[in-house]
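For chain A, the structure is supplied; the task is to place chain B on it using the hints.
Listed below, chain by chain, are the residues.
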Amino acid sequence: MVKVVDKSLKDRELWVTASPSTLLQLAFMLAPLCLLLMITFQVTQFFQVTWVWNLDTWTDVFTTGYYWSILLVTLKMAGLCVLLCFIISFPIAYGLATRFKAFENHIKVLMIFAFMTDIVLKTYGWVIVFDDSGVINWILRGTGIVGPDWINGLVFSQFATMVGMIYNLIAFMIFTIYLSVLNIDRDLIEASYDCGAGKFRTFWEVTLPLCRPGIWAGCLLVFVLSMGVYLEEKLMGGGNEPMMGHLIHQTFGTRVNWPLGSALTVVLMVVALVVLLIFIRIYRFDKYTATR
Amino acid sequence: MSWHQIEKWLVNILLYGSMAAILTFFYIPIFTMIAFSFKETNYMIFPFGGFSLQWYVKLFEHVDFYNAISNSFLIAFFTMIIATTLGTITALAWVRYRFKLRSVFQSINLLPIIFPQLILGIMLLLWFSVLGNVFEFNTGIVTVIIGHVVYLTPFAMVVVSVQIHAFDDTLEDAARDAGATIWQVYRDVTLPLIWPGVFSAGIFVFLLSWGNFYITFYLNGGARTIPTFVFAGLTQGSIPIYPALATLVFIPGIILVAVAEHYRRRALARL
Chain A
1 MVKVVDKSLK
11 DRELWVTASP
21 STLLQLAFML
31 APLCLLLMIT
41 FQVTQFFQVT
51 WVWNLDTWTD
61 VFTTGYYWSI
71 LLVTLKMAGL
81 CVLLCFIISF
91 PIAYGLATRF
101 KAFENHIKVL
111 MIFAFMTDIV
121 LKTYGWVIVF
131 DDSGVINWIL
141 RGTGIVGPDW
151 INGLVFSQFA
161 TMVGMIYNLI
171 AFMIFTIYLS
181 VLNIDRDLIE
191 ASYDCGAGKF
201 RTFWEVTLPL
211 CRPGIWAGCL
221 LVFVLSMGVY
231 LEEKLMGGGN
241 EPMMGHLIHQ
251 TFGTRVNWPL
261 GSALTVVLMV
271 VALVVLLIFI
281 RIYRFDKYTA
291 TR
Chain B
1 MSWHQIEKWL
11 VNILLYGSMA
21 AILTFFYIPI
31 FTMIAFSFKE
41 TNYMIFPFGG
51 FSLQWYVKLF
61 EHVDFYNAIS
71 NSFLIAFFTM
81 IIATTLGTIT
91 ALAWVRYRFK
101 LRSVFQSINL
111 LPIIFPQLIL
121 GIMLLLWFSV
131 LGNVFEFNTG
141 IVTVIIGHVV
151 YLTPFAMVVV
161 SVQIHAFDDT
171 LEDAARDAGA
181 TIWQVYRDVT
191 LPLIWPGVFS
201 AGIFVFLLSW
211 GNFYITFYLN
221 GGARTIPTFV
231 FAGLTQGSIP
241 IYPALATLVF
251 IPGIILVAVA
261 EHYRRRALAR
271 L
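Chains A and B supply the protein sequences, listed in that same order. Heads up, the first sequence is in this note's numbering, so the first residue is 1 and it goes up one at a time. Heads up, the second sequence is in this note's numbering, so the first residue is 1 and it goes up one at a time.
The following block holds chain A by itself, in its conformation from the complex (with noise of 0.2 Å):
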């Protein structure tokens, strides 16, 4: 283990190693993101931006019900990947982090492998199957299930959107909860058992538990990344149903508004920082209570 050291803020090795990505992201993180809040405040004209301070964006921001839907959309849809990925991914975190010894590093380079390739050709393999004249509706008819000419209606769904949510974010929730396993002590596990706790107890109140901190952070970052989502959406949905990311998208490429564009982004960021911070606010409450 490395040792930590102390360093006061004159140090110069401090500044050499602290320094070079900090400026990176003040200059291509922050500095964009005060550009975004100041966009919102002036109106396009000729699909140029033009630099009158006014509110007028945000008035129509307020009086649309349409973009608030098409929230109320992407909240629903985001709120419903994150449960089902901890719900599919908890099992499978905690299989490879107590079961597979022999195949953990196989398996891990396979999951490793199929979240970094390419998202655009991983998506677009799901809409070959589940296409009319895909591979799952080839099966059905080939083992009988349906006649010949059903039509699943599988592509071009929220349905759809949803299995191209979960297929390209859930490793993000398999790795954080499968390191937060790896850190449990034994120690603590067979305590329970040797107070005569089963299986079922034991994993109720020492595992889950324990393993709170990854489940909150993978929580916390599927959700955040899957307000954003538009490939998915795009090609999986079909556009039919829209979400927040191509609603943006559109707003600054079809129709070229920037500063509405930018408040929307806002809004977006807002109500994602909100629910982050009620997360935060239960994830407080939910260790005070752990650790009581």
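Since the hints were made in silico from the structure, they are not lab data. Any given hint might turn out to be false.
Within a straight-line C-alpha distance of at most 20 Å, the following computed SDA-like cross-link-like pairs (lysine to any residue) qualify [as the list claims (entries may be wrong)]:
(1) A:K3 x B:L268
(2) A:K10 x B:V95
(3) A:K101 x B:V95
(4) A:K108 x B:G17
(5) B:K58 x B:P240
(6) B:K58 x B:L248
(7) A:K199 x A:R186
(8) A:K199 x B:L268
(9) A:K108 x B:A269
(10) B:K8 x A:K10
(11) A:K108 x A:L179
(12) A:K108 x A:F86
(13) A:K101 x A:I112
Covered, in the sense of this in silico footprint (three residues per stretch, anywhere, with C-beta under 8 Å from a C-beta of chain B), are these stretches of chain A [what the hints assert, rightly or not]:
(14) 13-24
(15) 30-43
(16) 51-61
(17) 73-83
(18) 93-107
(19) 213-224
(20) 251-263
Computed spacing ranges between beta-carbons, pair by pair [claimed, not checked]:
(21) B:V134 x A:L83: 44 to 50 Å
(22) B:G221 x A:D56: 51 to 57 Å
(23) B:T235 x A:K3: 51 to 57 Å
(24) B:S107 x A:D56: 32 to 38 Å
(25) B:V104 x A:D132: 50 to 56 Å
(26) A:E190 x B:T235: 53 to 59 Å
(27) A:G239 x B:A21: 25 to 31 Å
(28) A:G238 x B:A21: 22 to 28 Å
(29) A:L72 x B:F135: 39 to 45 Å
(30) A:I151 x B:E61: 32 to 38 Å
(31) A:D56 x B:L101: 34 to 40 Å
In this text, a Cβ means the ideal position worked out from N, Cα and C, and glycines have one as well.
Frame of chain A; chain B shown alone:
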């Protein structure tokens, strides 16, 4: 059979079964794409008639394909060099130093990971168009590289941090006692010891940059990479060369991941 045994049995079924299910789930679209690359027909219909390699031939005849490959490679290569270097340097401060404002430093340097890439891409597009008006440049390969570096430096930092956590810094003390300067210690002791982490971080950054869609999509100007090339084709109507392209992208990808993981694991086991 006692209740205890049944319980154990059920838990094992759940754990092994869910693992098998998720791996199948992960590889359904990937294998479907690979299978479709050998089809004979023009359409994306399953089952496809016979076996043929005509789509590979068509792909290699496609002019934009070479352009996209070389752009993707250039971007991924430079992103890998810059983001891995920055990530390694940052990881040193992240793991080893405790200082005032450390939490500010940490949140600034982790922010891009918890940011939807779509929003990051749009923000940078706005920023570059304002900067471009002042300094007179257009978005292109360079802006894509900057965007990827912003997004991927935190990833590199996280991967390298794991390696730094595990390494034995008494070796550094020994080098210092033997009279090495700060720079010599970093070059001859620290860097070789954390190198496996740096190396696998580099591979991961390369792959994530290669497969990145959102940031490239907004910042590329006219320069197309593989993901944006495919996306443009798909929105105009499905063209049957993409499965062949996918197969060519997947195979080196999985080899790189396997190499990176193998290297990293062996190094961690040795420490």
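Results for each hint:
{"no.": "1", "hint": "A:K3 x B:L268", "in the structure": "17 Å, holds"}
{"no.": "2", "hint": "A:K10 x B:V95", "in the structure": "18 Å, holds"}
{"no.": "3", "hint": "A:K101 x B:V95", "in the structure": "29 Å, violated"}
{"no.": "4", "hint": "A:K108 x B:G17", "in the structure": "16 Å, holds"}
{"no.": "5", "hint": "B:K58 x B:P240", "in the structure": "9 Å, holds"}
{"no.": "6", "hint": "B:K58 x B:L248", "in the structure": "13 Å, holds"}
{"no.": "7", "hint": "A:K199 x A:R186", "in the structure": "14 Å, holds"}
{"no.": "8", "hint": "A:K199 x B:L268", "in the structure": "32 Å, violated"}
{"no.": "9", "hint": "A:K108 x B:A269", "in the structure": "16 Å, holds"}
{"no.": "10", "hint": "B:K8 x A:K10", "in the structure": "58 Å, violated"}
{"no.": "11", "hint": "A:K108 x A:L179", "in the structure": "12 Å, holds"}
{"no.": "12", "hint": "A:K108 x A:F86", "in the structure": "18 Å, holds"}
{"no.": "13", "hint": "A:K101 x A:I112", "in the structure": "17 Å, holds"}
{"no.": "14", "hint": "13-24", "in the structure": "holds (count 9)"}
{"no.": "15", "hint": "30-43", "in the structure": "holds (count 7)"}
{"no.": "16", "hint": "51-61", "in the structure": "violated (count 0)"}
{"no.": "17", "hint": "73-83", "in the structure": "violated (count 0)"}
{"no.": "18", "hint": "93-107", "in the structure": "holds (count 8)"}
{"no.": "19", "hint": "213-224", "in the structure": "holds (count 3)"}
{"no.": "20", "hint": "251-263", "in the structure": "holds (count 4)"}
{"no.": "21", "hint": "B:V134 x A:L83: 44 to 50 Å", "in the structure": "46 Å, holds"}
{"no.": "22", "hint": "B:G221 x A:D56: 51 to 57 Å", "in the structure": "30 Å, violated"}
{"no.": "23", "hint": "B:T235 x A:K3: 51 to 57 Å", "in the structure": "54 Å, holds"}
{"no.": "24", "hint": "B:S107 x A:D56: 32 to 38 Å", "in the structure": "33 Å, holds"}
{"no.": "25", "hint": "B:V104 x A:D132: 50 to 56 Å", "in the structure": "53 Å, holds"}
{"no.": "26", "hint": "A:E190 x B:T235: 53 to 59 Å", "in the structure": "56 Å, holds"}
{"no.": "27", "hint": "A:G239 x B:A21: 25 to 31 Å", "in the structure": "29 Å, holds"}
{"no.": "28", "hint": "A:G238 x B:A21: 22 to 28 Å", "in the structure": "26 Å, holds"}
{"no.": "29", "hint": "A:L72 x B:F135: 39 to 45 Å", "in the structure": "41 Å, holds"}
{"no.": "30", "hint": "A:I151 x B:E61: 32 to 38 Å", "in the structure": "36 Å, holds"}
{"no.": "31", "hint": "A:D56 x B:L101: 34 to 40 Å", "in the structure": "39 Å, holds"}
Hints 3, 8, 10, 16, 17, 22 from the earlier list are contradicted by this structure; the remaining hints agree with it.
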